[in-house]
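Student: Sequence:
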Amino acid sequence: MDGTKELPKEIVRLIKKQGFVIVSSLNEEGRIHSSAKGVVGIDESGRVFIIDLYQACTYNNLQKNPVVTVTFFDEHKFEGYALQGKAKIVKKKDIAASVMAEWEDKIIQRISKRMIKNLQAGNASSYHPEASFPHPKYLIEIDVEKIIDLAPEQLKKHA
Numbered sequence: 001m002d003g004t005k006e007l008p009k010e011i012v013r014l015i016k017k018q019g020f021v022i023v024s025s026l027n028e029e030g031r032i033h034s035s036a037k038g039v040v041g042i043d044e045s046g047r048v049f050i051i052d053l054y055q056a057c058t059y060n061n062l063q064k065n066p067v068v069t070v071t072f073f074d075e076h077k078f079e080g081y082a083l084q085g086k087a088k089i090v091k092k093k094d095i096a097a098s099v100m101a102e103w104e105d106k107i108i109q110r111i112s113k114r115m116i117k118n119l120q121a122g123n124a125s126s127y128h129p130e131a132s133f134p135h136p137k138y139l140i141e142i143d144v145e146k147i148i149d150l151a152p153e154q155l156k157k158h159a
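Numbering of the sequence shown is given in our numbering, commencing with residue 1 and proceeding in unit increments.
By construction, these hints were calculated from the structure, which means they are not laboratory data.
Nothing here was measured: the structure is a model prediction, and the numbers come from that model.
Ideal Cβ placement from N, Cα and C applies to all residues, glycine included.
Don't take each hint at face value.
Taking lysine to any residue and the SDA-like style, the derived pairs with C-alpha atoms no more than 25 Å apart in a straight line are [to be verified]:
1. Lys64 x Ile107
2. Lys86 x Gln154
3. Lys106 x Glu75
4. Lys93 x Ser35
5. Lys64 x Lys106
Per label pair, the in silico range of CB-to-CB distance [to be verified]:
6. Ser98 x Lys17: 17 to 23 Å
7. Thr4 x Gln154: 28 to 34 Å
8. Phe20 x Asp149: 19 to 25 Å
9. Ala96 x Val12: 28 to 34 Å
10. Val12 x His135: 23 to 29 Å
11. Gly122 x Gly30: 19 to 25 Å
12. Arg13 x Val99: 26 to 32 Å
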């Protein structure tokens with residue numbers, strides 16, 4: 001399918017709940033590279049906005065080939081999707097201040113949730129990986145062209 005695909009509300013709802021997604025890109029040899037990335041936004045018109053903290057494999061792959069798949073799922077509900085499309089790299093200087101603020105809010109929320117869970121479990125850990133994340137290097141803007149429902153067919157009938 002060519003062109004951006006409008007996203008159903010259930011996909012927008014599910015991806016907004018995710019702390020991260022798996023972004024798969026293709027390297028020069030045509031091999032798949034998958035990496036966890038943070039979602040910073042999504043709109044129903046079919047665009048997903050993902051923050052990348054490191055300017056490494058995914059960045060290099062997208063420079064040469066914009067084809068990507070974004071995979072996310074809810075293990076408890078056994079629902080998930082793979083969104084296939086084309087990515088555009090947005091340089092750090094061109095990322096809107098509101099997007100950066102939203103990313104910082106998400107990091108604060110993740111640290112807070114980790115601290116609360118640790119306290120409830122009786123673990124007074126001072127280890128919070130999110131606190132040591134570098135500032136984002138760039139934004140990945142993806143125009144979704146195809147939606148693949150990952151739930152097995154027999155489970156959809158019981159939902």
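Student: Check the hint pairing Lys106 with Glu75 against an upper bound of 25 Å on the C-alpha distance.
Tutor: Given that 25 Å is the threshold and the Cα spacing comes to 21 Å, the pair holds.
Student: For Lys64 and Lys106, compute the direct alpha-carbon distance and say whether it is at most 25 Å.
Tutor: With Cα atoms ~30 Å apart, Lys64 and Lys106 exceed 25 Å; violated.
Student: Between Lys93 and Ser35, is the straight-line Cα distance small enough, at 25 Å or below?
Tutor: holds, 23 Å
Student: May I ask you to test the hint 26 to 32 Å on the CB atoms belonging to Arg13 and Val99?
Tutor: Cβ of Arg13 to Cβ of Val99: about 20 Å, so the range 26 to 32 Å is violated.
Student: Can you let me know if the beta-carbon spacing of Ser98 and Lys17 is within 17 to 23 Å?
Tutor: Given about 20 Å between the Cβ atoms, the range holds.
Student: Within 25 Å, alpha carbon to alpha carbon, are Lys64 and Ile107?
Tutor: violated, 30 Å
Student: Verify the CB-CB distance for Ala96 and Val12 against the hinted window 28 to 34 Å.
Tutor: violated, 19 Å
Student: Using the C-beta atoms of Phe20 and Asp149, is the stated range 19 to 25 Å upheld?
Tutor: holds, 20 Å
Student: Regarding Thr4 and Gln154, is the given constraint of 28 to 34 Å on their beta-carbon distance met?
Tutor: This hint holds: roughly 31 Å between Cβ atoms.
Student: Assuming the hint says 23 to 29 Å, is it satisfied by the Cβ distance from Val12 to His135 or not?
Tutor: holds, 27 Å
Student: State, for the Cβ atoms of Gly122 and Gly30, whether the hinted interval 19 to 25 Å holds or is violated.
Tutor: For Gly30 against Gly122, whose Cβ atoms are near 49 Å apart, the range 19 to 25 Å is violated.
Student: What's the verdict on Lys86 and Gln154, does the C-alpha distance respect the 25 Å limit or exceed it?
Tutor: violated, 31 Å
When held up to the earlier numbered hints, the structure conflicts with 1, 2, 5, 9, 11, 12 and fits the remainder.
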